[in-house]
Amino acid sequence: MIGSLRLLSLTFLTIAIVMATTWIGPSLSGPHGDQILTELRIPRAIAGALVGAVLAAAGAVVQILLQNPLATPSTIGTTAGATLGVLAALVLGSGTTLFGFPLLPAAAFLGALVVTLVISAVASRNRARTEDVLLAGIALTLATSALASALRLGVDQITSLSALRWSLGSLTVIGFDRIGMLLPFVVITLLGMIWLIRSLEVMASGIERARTRGVEVRRVRTLGLGLASLGVAACVATCGPIAFVGLICPHIVRRIAGAAPRILVPGSILFGAAFLPLCDSVGRVLMEHREIPVGVITAALGAPVLFLLVMRRSRK
Amino acid sequence: MKELLTLRDATVLAGDKPILDGVSIEVTEGELIAIIGANGSGKTSMIRALLGLLPLDSGEAQVEGKPVASLGGRQRASMMAWLPQEGAAIDALLVEDVVAASRYRFDEAHRVALGEAHIALEQVGALDLARRWMTELSGGERQRVELASLVAQQARCWLLDEPANHLDPVWRARTLRFLDARVSEGITALVAIHDIHLLGHVDRSRTRVVGLREGKVVWQGRVDDEDLGTGLEQIHGVPFERIESEGREFWLPGGEELT
Numbered sequence: 001m002i003g004s005l006r007l008l009s010l011t012f013l014t015i016a017i018v019m020a021t022t023w024i025g026p027s028l029s030g031p032h033g034d035q036i037l038t039e040l041r042i043p044r045a046i047a048g049a050l051v052g053a054v055l056a057a058a059g060a061v062v063q064i065l066l067q068n069p070l071a072t073p074s075t076i077g078t079t080a081g082a083t084l085g086v087l088a089a090l091v092l093g094s095g096t097t098l099f100g101f102p103l104l105p106a107a108a109f110l111g112a113l114v115v116t117l118v119i120s121a122v123a124s125r126n127r128a129r130t131e132d133v134l135l136a137g138i139a140l141t142l143a144t145s146a147l148a149s150a151l152r153l154g155v156d157q158i159t160s161l162s163a164l165r166w167s168l169g170s171l172t173v174i175g176f177d178r179i180g181m182l183l184p185f186v187v188i189t190l191l192g193m194i195w196l197i198r199s200l201e202v203m204a205s206g207i208e209r210a211r212t213r214g215v216e217v218r219r220v221r222t223l224g225l226g227l228a229s230l231g232v233a234a235c236v237a238t239c240g241p242i243a244f245v246g247l248i249c250p251h252i253v254r255r256i257a258g259a260a261p262r263i264l265v266p267g268s269i270l271f272g273a274a275f276l277p278l279c280d281s282v283g284r285v286l287m288e289h290r291e292i293p294v295g296v297i298t299a300a301l302g303a304p305v306l307f308l309l310v311m312r313r314s315r316k
Numbered sequence: 001m002k003e004l005l006t007l008r009d010a011t012v013l014a015g016d017k018p019i020l021d022g023v024s025i026e027v028t029e030g031e032l033i034a035i036i037g038a039n040g041s042g043k044t045s046m047i048r049a050l051l052g053l054l055p056l057d058s059g060e061a062q063v064e065g066k067p068v069a070s071l072g073g074r075q076r077a078s079m080m081a082w083l084p085q086e087g088a089a090i091d092a093l094l095v096e097d098v099v100a101a102s103r104y105r106f107d108e109a110h111r112v113a114l115g116e117a118h119i120a121l122e123q124v125g126a127l128d129l130a131r132r133w134m135t136e137l138s139g140g141e142r143q144r145v146e147l148a149s150l151v152a153q154q155a156r157c158w159l160l161d162e163p164a165n166h167l168d169p170v171w172r173a174r175t176l177r178f179l180d181a182r183v184s185e186g187i188t189a190l191v192a193i194h195d196i197h198l199l200g201h202v203d204r205s206r207t208r209v210v211g212l213r214e215g216k217v218v219w220q221g222r223v224d225d226e227d228l229g230t231g232l233e234q235i236h237g238v239p240f241e242r243i244e245s246e247g248r249e250f251w252l253p254g255g256e257e258l259t
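Protein chains in written order, with my numbering: chain E, 1 to 316; chain F, 1 to 259.
Hints may be right or wrong, so weigh each one.
Residues from chain F that keep clear of chain E, each with C-beta distances beyond 10 Å, as calculated [unchecked claim]:
hint, residue
1, Asp97
2, Gly140
3, Arg174
4, His194
5, Glu241
6, Gly254
Capping the alpha-carbon separation at 25 Å, the derived lysine to any residue pairs in SDA-like fashion look like this [claimed, not checked]:
hint, chain 1, residue 1, chain 2, residue 2
7, F, Lys17, F, Trp219
8, F, Lys2, F, Glu108
9, F, Lys17, E, Arg125
10, F, Lys66, E, Glu208
11, F, Lys216, F, Gly72
12, F, Lys17, F, Gly59
13, F, Lys216, F, Ser245
14, F, Lys66, E, Arg218
15, F, Lys216, F, Val238
16, F, Lys66, E, Leu301
17, F, Lys216, F, Gly229
18, F, Lys66, F, Ile119
19, F, Lys17, E, Ser124
20, F, Lys66, F, Thr44
21, F, Lys216, F, Glu162
22, F, Lys66, E, Arg219
23, F, Lys17, F, Glu60
Just so you know, the hints here were simulated from the structure itself, not pulled from any lab data.
Just so you know, even glycine gets a beta-carbon here, dropped at the ideal spot from N, CA and C.
Generate coordinates for the entire structure from the input sequences, incorporating the hints supplied.
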């Protein structure tokens, strides 16, 4: 672990940033200022921090497990799989239950897991190159998006419009009740990932090496990808697909503090937790009288980052 | 002497072409085995089969008489440490972290693993690299990190796959000397090499040569054996000429097959 004192102070810094973001945006001095702060902005900041932490940590873990700095939930199709799952559940009716379990989060998890496992199979083939993994990710993203679009045609216009709005990825309408539903998944995902750090630490210098050093690679990989899928699915079910957080945050942390998983994973959790609420509040102030969904902001930031990373790798 | 590692009739197929073709070998405690062979002769596959990384189509890979697949990860790591042919994934990792990671099987605090990593680095003369990034090391420096990782894992047997590749002559010699010194301290080692001359740096009395060609063991013996020339011819498929100069011998490939 990073020195515990440093970890503690970084955690406080993150919380301070998250709280500070609630003051960014149109002035709160109006008649409903307090209400806006406590019922809208604070839950929004908290949800953003939770989602950001999970997406960034999932990005870091997937990168290590697939030995590929460009493999993240949004580039390998995990997010798209979860999105398809959610849309399928919406078409069937959002209140539907499956064996007594609410269908929507279950469908999101299933979609995310299937896509992630397919990519994992591609990545673990002998001599799979970065390009192969990313191309498979692109193919699966396109396929699931096409299915998702087809599903939207099958519903009435109002549902279709709300599905479209949801699919942009937004933290706007999240109250404490939805945070309560999200929280257990966040806790499981993050604790699980922190527990995996010791094995990830060995896998960082090569998967087969890790195997000869005693790591049960298959188990760690299945657990790690399962946790990433679970976390991403919970986030997508809560606030729609928010792209590229899992790419940008670990990358910046890697630049600042190095790629050792015992720093990269907790570092990404904290960085993501501060990053997403910040992006969200930027979306609040960029245009007057209108909000830009946070998914649009992260996509606008992440696409060029991905482009630069791909360019740099192909030069090597 | 106890048998540490065994391959019995090991066959591995790629399609219907065998990569390993009925290979049998016994590695006894305390010996140094040099696996000699051309590119693609099966050296790497043999090492990977012993490690349990390459599943066999028929035959057996055993560690102290037990199938390698039946051992738990940590148990296997206590028996065998591996220096693979391709270098570690190059990432923004600190040298000390990379070496410490090889101590996974000990289940110790990171601080303890770091201490052991420093001891191992010191043993290979690379303590000054501890806080350097893997990305900025030269080939020779990276090799020392690899060797330190072997040391830190504290396994009984080392399997080294072409540790001399991509190294300058001085570092090749140093690597083999280092290996020989560890074997003299009780480590068992199996090393794949291209070049028979590298064995000039090790104690010949405990060194055994295993020659591979097209996935088969075609010759076994010692460096001092009379028929080493015949062995080299069987391994490489061309006759070898022995040249002696100032008490050292050299083997040069010759014959019409070269052209």
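Do the hints match the structure? See the list:
Listed as outside the interface, aspartate 97 of chain F is inconsistent with that label: its C-beta sits roughly 5 Å from the nearest C-beta of chain E, within the 10 Å cut-off. Residue placement check: glycine 140 of chain F keeps its beta carbon more than 10 Å from all beta carbons of chain E (closest about 18 Å). For arginine 174 of chain F, the shortest C-beta to C-beta distance to chain E comes to about 22 Å, beyond the 10 Å cut-off, and the non-interface label holds. Non-interface call for histidine 194 of chain F relative to chain E: holds, since the shortest CB-CB distance, roughly 22 Å, exceeds 10 Å.
Distance check for glutamate 241 of chain F against chain E: the nearest CB is about 38 Å away, which clears 10 Å, and the non-interface claim stands. Taking the minimum C-beta to C-beta distance to chain E, about 36 Å, the non-interface status of glycine 254 of chain F holds against the 10 Å cut. Restraint check for lysine 17 of chain F and tryptophan 219 of chain F: the C-alpha separation of about 21 Å stays at or below 25 Å, so the hint holds. Between lysine 2 of chain F and glutamate 108 of chain F the alpha-carbon distance is near 30 Å, which puts this suggested pair outside the 25 Å criterion.
Between lysine 17 of chain F and arginine 125 of chain E the CA atoms are separated by roughly 20 Å; this keeps the pair inside 25 Å, and the hint holds. A C-alpha spacing of about 21 Å is found between lysine 66 of chain F and glutamate 208 of chain E, which places the hinted pair at or below 25 Å, so the restraint holds. Distance restraint check for lysine 216 of chain F and glycine 72 of chain F: the Cα-Cα separation of roughly 29 Å exceeds the 25 Å cut-off, and the hinted pair is therefore not satisfied. In summary, the hint linking lysine 17 of chain F to glycine 59 of chain F is supported, as the alpha carbons are separated by about 16 Å, within the 25 Å threshold.
Of the supplied pair hints, the one linking lysine 216 of chain F and serine 245 of chain F is violated, its CA atoms being roughly 33 Å apart against a limit of 25 Å. Restraint check: the Cα-Cα separation between lysine 66 of chain F and arginine 218 of chain E comes to about 22 Å, which is no more than 25 Å; the hinted pair holds. The hinted pair formed by lysine 216 of chain F and valine 238 of chain F meets the criterion: a straight-line CA distance of about 17 Å does not exceed 25 Å. Simply put, lysine 66 of chain F and leucine 301 of chain E have alpha-carbon atoms about 55 Å apart, too far for the 25 Å limit, and the pair is violated.
Of the pairs offered as hints, the one joining lysine 216 of chain F and glycine 229 of chain F holds, with about 18 Å between alpha carbons and a cut-off of 25 Å not exceeded. Simply put, lysine 66 of chain F and isoleucine 119 of chain F have alpha-carbon atoms about 32 Å apart, too far for the 25 Å limit, and the pair is violated. At roughly 23 Å between alpha-carbon atoms, lysine 17 of chain F and serine 124 of chain E fall within 25 Å of each other, so this suggested pair holds. The suggested pairing of lysine 66 of chain F with threonine 44 of chain F holds, with an alpha-carbon distance near 22 Å, which does not exceed 25 Å.
Taking the CA atoms of lysine 216 of chain F and glutamate 162 of chain F, the gap is about 18 Å. The hint holds against a cut of 25 Å. A threshold of 25 Å between alpha carbons decides the hint, and for lysine 66 of chain F with arginine 219 of chain E the separation of about 23 Å falls inside it, so the pair holds. For the hint pairing lysine 17 of chain F with glutamate 60 of chain F, the CA-to-CA distance comes to about 19 Å; that is within 25 Å, so the pair holds.
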